[in-house]
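K.L.:
Work out the full structure, taking the sequences as your base and the hints as a guide.
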Amino acid sequence: MQHLISILIKAIFVENVIFAFFLGMCSFLAVSKKINTAFGLGLAVIFVMVLTTPLNYLIMNYMLKEGALSFIHPSLASVDLTFLSFILFISVIAGAVQLVEMIIEKSLPALYGALGIFLPLITVNCSILGTSLFMQEREYNMAETTVFSLGSGIGFFLAIVLLASIRERLRYSNIPAPLQGLGIAMIITGLMALAFLSFSGIQL
Amino acid sequence: MKWIRRTVDSVKPNFGKGGRFEKFHYLFDAFETFLFVPGTTTSHGVHIRDAMDLKRTMMTVIIALVPTLLFGMWNVGFQHYRAYGMEVSLLDNFLFGFWKVLPIIIVSYAAGLGVEFVFAVLRKHPVSEGYLVTGLLIPLIVPVTIPLWMVALGAIFCTLLGKEIFGGTGMNFMNPALLARAFLFFAFPAYMSGEIWTDLSQEPGRAVVDAYSGATNLAIFDENFLEMDSARDMFLGTIQGSIGETSTLACLIGALILIVTGVGSWRIVLTVFAGGYLMGLFMNVLAPADVPLHAMHTPAYYHLIMGGFAFGAVYMATDPVTATHTQTGKYIYGLLIGAFTVVLRVFNPAYPEGMMLSILFMNVLAPLIDHLVIQQHIKKRMSRA
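In order, the protein sequence lines correspond to chains A and F. For the first sequence, this note's numbering gives the first residue as 1, with consecutive numbering after it. For the second sequence, this note's numbering gives the first residue as 1001, with consecutive numbering after it.
Keep in mind the hints are simulated off the structure, nothing from the lab. A couple of the hints might just be wrong.
Computed list of lysine to any residue pairs in SDA-like fashion (alpha-carbon distance at most 20 angstroms, straight line) [to be verified]:
#  : chain 1 : residue 1 : chain 2 : residue 2
1  : A       : 33        : F       : 1371
2  : F       : 1124      : A       : 180
3  : A       : 10        : F       : 1013
4  : F       : 1124      : A       : 179
5  : F       : 1124      : A       : 10
6  : F       : 1379      : A       : 39
7  : F       : 1124      : A       : 172
8  : A       : 10        : F       : 1343
9  : F       : 1023      : A       : 176
10 : A       : 34        : F       : 1376
11 : F       : 1124      : A       : 175
12 : A       : 34        : F       : 1348
13 : A       : 34        : F       : 1373
14 : F       : 1124      : A       : 176
15 : A       : 34        : F       : 1124
16 : A       : 10        : F       : 1350
17 : A       : 10        : F       : 1171
18 : A       : 34        : F       : 1375
19 : A       : 34        : F       : 1171
20 : A       : 34        : F       : 1371
21 : F       : 1379      : A       : 36
22 : F       : 1124      : A       : 173
23 : A       : 10        : F       : 1365
24 : A       : 33        : F       : 1167
25 : F       : 1124      : F       : 1231
P.N.:
Right under this line is the structure:
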């Protein structure tokens, strides 16, 4: 239990997908102008992560890993399909995003409009594929994978909502013209990462 | 006084509209308003009748910093002579520290104000007095052995990326002085942590005494909190540490000045201390009973007088720009800073000084806290209507 909690806290704060790995920057920078939109996108990312990472775990362990197919026939024990993991992981994520898109379009049309192109683009959000690949690399089991994906999702959610709230506060700041928009968002992200460095030595 | 006024008036037309040095108007303006209360009045927006303009507010903070500065200078000398086992007079201690600290202050002001002046001329905005405070805070939160080029680098970094890029004083979201310290801390850890807190420059015919140890309380308490300096020493500040942060007493005098004049928020100061104390008590309860020297057993009040806790609570957390702006938000903000500092100190051996990092982290969280407080308020009012 303690082990799982430490994985969760580590994924949210210590190894935050945004501030420690800088994954998923495109939507992080683009959809963080208003808190409400950022909140919606953050929730969508949490949902997609928690759905896809355990699914990818199953695919990896029961289809791709060396020897995973031996339950079909013993002669398949030497087959190693891990080279397919990228393409399969992405397909699973794309499918999950389709699902989320349909749900949001039906239930929250205002948010659907506000997210625009960035909703389908969650498919290529590196933080989601990154989470699946970290799961593969670190050889988590099913429980750890689920907790880790939840932690990564919350980490992304926290990061994007924090950036949005800072950008809303800075709306009246006198930022030099060449830096307005993306430029200042990048600088803010860097400064926020400096603040998140405070977690980096924590032993869990 | 009169001749200053006359000199200023005589060169003034040069800097006005159409004057020879119109470009440098704001540079001139900065010096003029520093010397005299300006005669100009507000031309648009809200009109508040108050003698407390931005310049006087900042000067109040500087006055509140004087106790820590004077004590810090004395303590630099005191620690130096103690390491060599020498007993010298109060004045000698102070003078030694004075000559060590003065160059750091001068470099910090020169580097930071240089950036401010360049931006004032290029972006045509008045030089604001915010840097007078930041420039004094930076020397107070660095070790006395810091190389001067690092002071300059930190001051330039924080003025440029922490403040001017957002449009100057009042528009940043992170405390510039802490940003400078965090930047130096992560970029040059060898100069900012370890056994570097006492100035050990040569004393003719003397060697460092055997009993000398360069470790601060923050480094010791992780191993064995019983070996720390006495609570009395920590409260008075006769311990090693950054130049201005050691004395809790001097910080409390500063807090009194800030709170009485209404410049600092008593809500934040009080809740930071409360948060640290409560989290300290909570740690005591959770501490493993079979490890009697575990850092979690440290008495809760030790956290409040150790390291930069008091300094951060009084001068850094109360920064009106980077703190939460709502009243309710201030309580949450303060409590979290205090609690988070103790958590970092206990669980993060890599960065023993949790105060700096927890204030920076809460600076990042502050806008979100404000947003939530306001949304909550709107919801409450709507349900009543």
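K.L.:
Evaluate each hint against the coordinates.
P.N.:
Verification of the hints:
no., hint, in the structure
1, 33(A) <-> 1371(F), "holds (14 angstroms)"
2, 1124(F) <-> 180(A), "holds (18 angstroms)"
3, 10(A) <-> 1013(F), "violated (62 angstroms)"
4, 1124(F) <-> 179(A), "holds (17 angstroms)"
5, 1124(F) <-> 10(A), "violated (46 angstroms)"
6, 1379(F) <-> 39(A), "holds (18 angstroms)"
7, 1124(F) <-> 172(A), "holds (17 angstroms)"
8, 10(A) <-> 1343(F), "holds (15 angstroms)"
9, 1023(F) <-> 176(A), "holds (18 angstroms)"
10, 34(A) <-> 1376(F), "holds (18 angstroms)"
11, 1124(F) <-> 175(A), "holds (13 angstroms)"
12, 34(A) <-> 1348(F), "violated (34 angstroms)"
13, 34(A) <-> 1373(F), "holds (17 angstroms)"
14, 1124(F) <-> 176(A), "holds (12 angstroms)"
15, 34(A) <-> 1124(F), "violated (30 angstroms)"
16, 10(A) <-> 1350(F), "holds (16 angstroms)"
17, 10(A) <-> 1171(F), "violated (32 angstroms)"
18, 34(A) <-> 1375(F), "holds (14 angstroms)"
19, 34(A) <-> 1171(F), "holds (18 angstroms)"
20, 34(A) <-> 1371(F), "holds (11 angstroms)"
21, 1379(F) <-> 36(A), "holds (15 angstroms)"
22, 1124(F) <-> 173(A), "holds (15 angstroms)"
23, 10(A) <-> 1365(F), "holds (19 angstroms)"
24, 33(A) <-> 1167(F), "holds (19 angstroms)"
25, 1124(F) <-> 1231(F), "violated (51 angstroms)"
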